[in-house]
Amino acid sequence: MSGYAVRIEHLGKRYRVERTRGRRTLQEELADLVSAPFRRRASPHGPGGDGTVWALRDVSLEVQRGEVVGIIGGNGAGKSTLLKILSRIVAPTEGLARIEGRVGSLLEAGTGFHSELTGRENVYMSGAILGMRKAEIDRKFDEIVAFAGVGPFLDTPVKRYSSGMQVRLAFAVAAHLEPEVLIVDEVLAVGDAEFQRKCLGRMQDVSRGDGRTVLFVSHNMDAVQRLCTRAVLLEHGRAISQGATASVVAQYLARAQTPSSAGAWIDLSSVERTGSGIARTVRARYWSAPDTAGGRPFPDGPLTVNLAIEAAAPCTLASLAVTLYDLQGTKLVNADTISIGRSLRLQPGEHEITLRISELHLQPGVYLMGFWLAGPLGAVHDYVLSGFEIEVVAHQAQGLGRAPGDDGLVTCRLELLDPD
Amino acid sequence: MKELARSVARTSQPTALVITIRPPSGWAPLDLREFAGAHELLYFLVLRSLKLRYKQTALGAAWALLQPLLTMAVFTLVFGRLARLGSDGLPYPVFALAALVPWTYFANALTQASNSLVDQQQLLTKVYFPRLLLPLAAVISGVVDLAISFALLLVVLAWYDLATSLRLLAAPGFVLLAAASAFAPGMWLAALNVRYRDVRYVIPFLVQIWLFATPVAYSSGLVPERWRPLYQLNPIASVVDGFRWMVAPDAPWPGRGLAISVAAVAVLLTTGLYFFRRVERSFADVV
Chain A
25 MSGYAVRIEH
35 LGKRYRVERT
45 RGRRTLQEEL
55 ADLVSAPFRR
65 RASPHGPGGD
75 GTVWALRDVS
85 LEVQRGEVVG
95 IIGGNGAGKS
105 TLLKILSRIV
115 APTEGLARIE
125 GRVGSLLEAG
135 TGFHSELTGR
145 ENVYMSGAIL
155 GMRKAEIDRK
165 FDEIVAFAGV
175 GPFLDTPVKR
185 YSSGMQVRLA
195 FAVAAHLEPE
205 VLIVDEVLAV
215 GDAEFQRKCL
225 GRMQDVSRGD
235 GRTVLFVSHN
245 MDAVQRLCTR
255 AVLLEHGRAI
265 SQGATASVVA
275 QYLARAQTPS
285 SAGAWIDLSS
295 VERTGSGIAR
305 TVRARYWSAP
315 DTAGGRPFPD
325 GPLTVNLAIE
335 AAAPCTLASL
345 AVTLYDLQGT
355 KLVNADTISI
365 GRSLRLQPGE
375 HEITLRISEL
385 HLQPGVYLMG
395 FWLAGPLGAV
405 HDYVLSGFEI
415 EVVAHQAQGL
425 GRAPGDDGLV
435 TCRLELLDPD
Chain B
482 MKELARSVAR
492 TSQPTALVIT
502 IRPPSGWAPL
512 DLREFAGAHE
522 LLYFLVLRSL
532 KLRYKQTALG
542 AAWALLQPLL
552 TMAVFTLVFG
562 RLARLGSDGL
572 PYPVFALAAL
582 VPWTYFANAL
592 TQASNSLVDQ
602 QQLLTKVYFP
612 RLLLPLAAVI
622 SGVVDLAISF
632 ALLLVVLAWY
642 DLATSLRLLA
652 APGFVLLAAA
662 SAFAPGMWLA
672 ALNVRYRDVR
682 YVIPFLVQIW
692 LFATPVAYSS
702 GLVPERWRPL
712 YQLNPIASVV
722 DGFRWMVAPD
732 APWPGRGLAI
742 SVAAVAVLLT
752 TGLYFFRRVE
762 RSFADVV
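As given, the protein sequences belong to chains A and B, one line each in that order. When we follow this note's numbering, the leftmost residue of the first sequence carries the number 25, and every step to the right adds one. When we follow this note's numbering, the leftmost residue of the second sequence carries the number 482, and every step to the right adds one.
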């Protein structure tokens, strides 16, 4: 028996683009059948004109028993496809995967939950669907309930739970799965911070204590760095890098080309906005200190925002603000010129305006940036709630790293004073 | 077409499973070992569908009584009184109810099995389990309603002072045939429904036509002898004849019909299992 828990060889998955979300009706199918002989034959390789796309291509990976491997990459890189293949939810188009041991996969919180059923009923239902035996659920039932902290509401239908309680209960069931190979998609993205920490802790116990193998997809680089011994970077369906977590994560951050990479102009002409439109923020770019983390913002570092504002008529901007929200929409920073008593007179045409936040006290994470332009009497010219996402990155790799959202929303300068 | 090709093999460690995932290839039989291992999940799925139904409906289990009872009343009025259809020597209400008990079960089970995959697509795309459990659970959970309506039939028999005989002991056999009769086409339709949502709209129509092809309102004695074998390809027709045989002392044993029906179900079931296995791997892609 090999020491590998998971062995993936040249795995690939091709989707027909027009069918991936297809509600095919018989009529379309018949029409296809008629027109099929006249169409170009689908080429067996590569994306392109044949209406197919490789969500995953030629991915090979070996995971030792007891390893925790992080799978990272941008949206559409193929992470979820890989997990779905390994979970046997979808079939691969080519390649082979061998998994030794019982597989448990957690691609969503609350799989099998039904709002009409009580907490108790849902624990059993969800447990059974995730692959637990009834005896196993019986045995762990009290532990699951304690972990979720929903004891008094066990016989209440889940629809009466708060959303936080529902999520906690759903996770609690999943956290007590004990497969030899655990496959986890981005499920930690929901739930409150304390519960997230509990789940991360639980996953750590599972892998370290019991020698179970974990495959973990996340956008949360902190969680990946804390949990994973090794990481795989996927891009456009291919595994472009694998190795020690820290170096793969660094590579990912370095190549992440999200619409909002530091330093590049971001076109805002098509974002949702309100306001008179006399002045509009049409483009923006931002950067931190140029020499660090590719110009990306970091905790306590500076943040410079460059705005291109188009004025349709002469106007005065008494309030020009750059606002940062967390992904739940909580306004964290509102850098407004009104607070420093500066206003701007604009002539028709495009103007470039620069704002500088000298210290950005935000924890590593993803935030939303919005814009606000208003006149002296409070007339709102332009209000962009969310222009784009910006990522604040951990400046230095700090051993375990910080827990996501766990160390407070904002950072602070801290000193330990000597006695007397 | 995609097909679940996976093998579960024992290796040197007695408890170790090895799962091999590869692209779908061709036809494969049902993985019986895996299927048998999922009986607890089947139990929970059945339990869930029962609980949901009784929690979400105001009358709950009463529907199991009302549905056949009201249909019986309407049939008695229309077919018994107005059309004066023959009822094989039974009072027409009893004659109708004996058929409606298995028919109602069959119609509901077929409908629910056919929609089972689409209605629970969030499960299909998030977790792996033998997909066949969903239509199977739909067919099994209907048996509870069937039991309730069967009790109603016994009450009605007593009401009309009709003697009950040992023939009633054959009921489980007929119920099993009714379940298989619903499951076999249900499995086909459920799989097709994933790809072609037209199926959802076809089902009510299909059930309606099927009702006319089944001796519920009328006696199967009305069917000309030379058409009988063709007629009996409809398995639920034999189940209905079986139910009438159980309650009417002089009804003939539907032996030949049963044999034809069982054969028809067996063919539909076997082909259905292969078809289902062949397409189930693409459910999550298509749904």
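Because the hints were derived from the structure by calculation, they are not lab data. The beta-carbon is built from N, C-alpha and C at its ideal position, and this holds for glycine as well. Hints are not guaranteed to be accurate.
As the list claims (entries may be wrong) - Derived Cβ-Cβ restraints for the label pairs, each shown as a range:
1. A:270 / B:682: 33 to 41 Å
2. A:84 / B:755: 19 to 27 Å
3. A:157 / B:657: 25 to 33 Å
4. A:84 / B:499: 17 to 25 Å
Said to hold, decoys possible - Computed from the model, here is a short list of chain B residues facing chain A with C-beta under 7 Å:
5. 499
6. 503
7. 505
8. 513
9. 514
10. 519
11. 523
12. 527
13. 533
14. 766
Which of the numbered hints are not met once you compare them with the structure shown?
-> Numbers 1, 2, 8, 9, 10, 11 and 12 - these are the hints that the structure violates, sorted from lowest upward.
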